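Chemist: Position one of the sequence shown corresponds to residue 1 (the numbering used here), numbered consecutively onward.
If you are wondering where the hints come from, they were derived from the structure by calculation, not from laboratory data. Among the hints, erroneous ones may be present.
[As the list claims (entries may be wrong)] Here are the simulated DSS-like pairs of lysine-lysine, each with C-alpha atoms no more than 30 Å apart in a straight line:
no.	residue 1	residue 2
1	84	42
2	84	49
3	93	49
4	93	42
Keep in mind it's a predicted model, so treat the numbers as computed, not measured.
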Amino acid sequence: MKTVNFWLGLAMLSWATGAQATFRCGTSVVSSDARMGEVLSKCGPPAYKYVEEPAPIYGAVRISIWVYGPNGGAWQYLRFIEDKLVEQRTERKPPF
Numbered sequence: 001m002k003t004v005n006f007w008l009g010l011a012m013l014s015w016a017t018g019a020q021a022t023f024r025c026g027t028s029v030v031s032s033d034a035r036m037g038e039v040l041s042k043c044g045p046p047a048y049k050y051v052e053e054p055a056p057i058y059g060a061v062r063i064s065i066w067v068y069g070p071n072g073g074a075w076q077y078l079r080f081i082e083d084k085l086v087e088q089r090t091e092r093k094p095p096f
């Protein structure tokens, strides 16, 4: 029984760590760790763009939020830290 539980747990762990979030942008698929250049080439320029420059302290980062849409009434919010996509969410709420 312990062997079955071990293999079942190992299979579930490998499935969970192998999953990577993606989202559709037009006819393209963008992965959750994409760079700004890749998103720009696949999705085009965003409808809205907000950039928060880093504070003048060591280790501060630039945060950018790009907003695409509305697609069927939904807006896609993409959050980048430096040049890397770290979060994607879809909301009905417009950015303004």
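Chemist: Is the hinted pair residue 84 and residue 42 satisfied, with a Cα-Cα distance of at most 30 Å?
Modeler: 15 Å, holds
Chemist: Sort out whether residue 49 lies within 30 Å of residue 84, counting only the CA atoms.
Modeler: 15 Å, holds
Chemist: Assess, step by step, whether the Cα of residue 93 is no farther than 30 Å from the Cα of residue 49, and give holds or violated.
Modeler: Given that 30 Å is the threshold and the Cα spacing comes to 16 Å, the pair holds.
Chemist: Mind checking the alpha carbons of residue 93 and residue 42 for me, to see if they're no more than 30 Å apart?
Modeler: 24 Å, holds
The structure agrees with every numbered hint stated previously.
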